[in-house]
Amino acid sequence: MKLKRFAKRTSIGLALLAVTAIWLAPMWLTLVASLKSESEYKHSPVWAWPKYLNFDTFHDVILHADVAQKLSNSLQIALGAATISVTMGFFIAYAISIGRLKYRGAVIAICVITFALPQESMAFPVYTFTKLIDVYGSIPPVYISLGILGSAFSAYLLQATMNHFPRELIEASHIDGASRLQTMFRVVFPVMRPSIATVFLLMFVNAWNEYWFPILLLPDNKDQPLPMAIAEAFGQPSFTSNGIDPVLASAASLLAILPSLFIYLNFQKALVRGVTLGTN
Amino acid sequence: MSFTQWPGYGPIQEFLGFRNYQRIFADNDFWVAFSHALIFVIPMSIVPTLLGVFIASLTFDFLSTRYASKVATFIRSSLYLPQIIPVMITGIIWRWIIDPSSGSLNILLKSIGLKSLALNWLVDPNAAMLALSFVMVWIQLGYTVVVFLSGLSRLNPYVLEAAHMDGANWWQRFRFITSRELGPEIAVILLTTVVGALKVFAPVYYVTGGGPDGATNVPSTYSFQAFFGGNKVGYASAVTLILATVIVIFALIIIRFQRTGLRGEE
Chain E
1 MKLKRFAKRT SIGLALLAVT AIWLAPMWLT LVASLKSESE YKHSPVWAWP
51 KYLNFDTFHD VILHADVAQK LSNSLQIALG AATISVTMGF FIAYAISIGR
101 LKYRGAVIAI CVITFALPQE SMAFPVYTFT KLIDVYGSIP PVYISLGILG
151 SAFSAYLLQA TMNHFPRELI EASHIDGASR LQTMFRVVFP VMRPSIATVF
201 LLMFVNAWNE YWFPILLLPD NKDQPLPMAI AEAFGQPSFT SNGIDPVLAS
251 AASLLAILPS LFIYLNFQKA LVRGVTLGTN
Chain V
281 MSFTQWPGYG PIQEFLGFRN YQRIFADNDF WVAFSHALIF VIPMSIVPTL
331 LGVFIASLTF DFLSTRYASK VATFIRSSLY LPQIIPVMIT GIIWRWIIDP
381 SSGSLNILLK SIGLKSLALN WLVDPNAAML ALSFVMVWIQ LGYTVVVFLS
431 GLSRLNPYVL EAAHMDGANW WQRFRFITSR ELGPEIAVIL LTTVVGALKV
481 FAPVYYVTGG GPDGATNVPS TYSFQAFFGG NKVGYASAVT LILATVIVIF
531 ALIIIRFQRT GLRGEE
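These protein sequence lines are chains E and V, in that order.
Residues 1 to 280, numbered by the working numbering, are exactly what the first sequence covers, in order.
Residues 281 to 546, numbered by the working numbering, are exactly what the second sequence covers, in order.
These are calculated hints, taken from the structure and not from any lab test.
Calculated pairs, DSBU-like style, for lysine-lysine (alpha carbon to alpha carbon, straight line, at most 35 Å):
#: 1; chain 1: V; residue 1: Lys-390; chain 2: E; residue 2: Lys-42
#: 2; chain 1: V; residue 1: Lys-350; chain 2: E; residue 2: Lys-8
#: 3; chain 1: V; residue 1: Lys-350; chain 2: E; residue 2: Lys-2
#: 4; chain 1: E; residue 1: Lys-8; chain 2: E; residue 2: Lys-269
#: 5; chain 1: E; residue 1: Lys-2; chain 2: E; residue 2: Lys-269
#: 6; chain 1: E; residue 1: Lys-51; chain 2: V; residue 2: Lys-390
#: 7; chain 1: E; residue 1: Lys-222; chain 2: E; residue 2: Lys-269
#: 8; chain 1: E; residue 1: Lys-131; chain 2: E; residue 2: Lys-222
#: 9; chain 1: V; residue 1: Lys-350; chain 2: E; residue 2: Lys-269
#: 10; chain 1: E; residue 1: Lys-42; chain 2: E; residue 2: Lys-222
#: 11; chain 1: V; residue 1: Lys-350; chain 2: E; residue 2: Lys-4
#: 12; chain 1: V; residue 1: Lys-350; chain 2: E; residue 2: Lys-51
Take the sequences, apply the hints, and build the full model.
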């Protein structure tokens, strides 16, 4: 009986690992291709680890794409957007949950609709507007728009956790003579800090991966965030018969996902908590 | 903007009233793109949800011992990996892998003797749809697995144990207990993933570019092409607004549905 259960458990485990292997396969293929030379890619099995490690392609990509500049663009956009959305989101969530806003249902519905809408329906008007006021092509409009739009999602997530905030604490602070602002910053904010950090991280990653606003608002390659600049420079195939260069494309994409990978490996738990925050 | 004819620069050329909308409804390419978005609900939403419930509960039920939980963590993090990669880079990765002549997939298929399966992924319309659908499942599965796993952890273990004692096998427990208890998670996932399918852009744009010849176009890529390629800003805006309206209506229906569902439980 015990042996049978062990066998069952092992076989299901192996089946799940097989699915996982399929899921990781593209990453593996990309990794080995990026480390091969052109000729080794053509003549060795595609899944095999390279005989001679070749880092030249990475070198080319870094030189050609000015990765440092793109990285700083990405950071600027992601940090700016996350800061704006979490700050605004906190105020909105506070009004909804603790301030017991009269039309809270309507406000929550507006938040949900805002993050359900297709990005381009908001990016097109912003595009026209930035041209109108002559700020088209600079980075701040990108993170300001992303931050304001993201505030809907962060407000939604924060109010979900703030609804469980112990009311006794707020009443106690009122009795102790704290003003409303003091209650907000001295009582609610410190207790909410872990959730706020989680939402900040989530907003950061979302803004980092965003494409509609950068595509529309940043025509110049030197202002673009890293993933987009790399995608435009090395991946954009001419969609005709002549294909893509496998070695170059894989090295470039690997470089572009390194920062995301770094964040993921370091903050995995917090990220997953953020993703599941809105569902329960 | 959607009421005008405007190339995106200079003064607005002409006010058209609802004529852009009339044109769209008569535009065959738009309807083709829209039908693709509906087809993509399958790989973006339905398949990942089913597969996600299944994988999450298998992982939860069979890999919960101390030693196996490390395996479970590995599986979860690996499946979630596609979610954190910027989608345009996901597009590039798949774009080079499925490249018909130099990509790894076809080389691999040929080397293991499955030459007939080595399709021309970017030129054959059906193959392109198939490849794109697989990419979408690849992206979405991690999201559903993570959400379902967190849902399962709040499940009362005694209920499952009692069912086990009463002789219910895994499938029966899955069907009658687990999948029902996960109701709220399933609702949220369906809402977010169906909306995601309707407005899908980057996987299509960066893998196939909507091609070959519009065979994988969706409303978002179609309006993008009109906006930039055709300089038809008014027309593109109208396409986007139609899409937005469809999504808002869908979201409102789900929200209403969810609320009445919750009230029914109370």
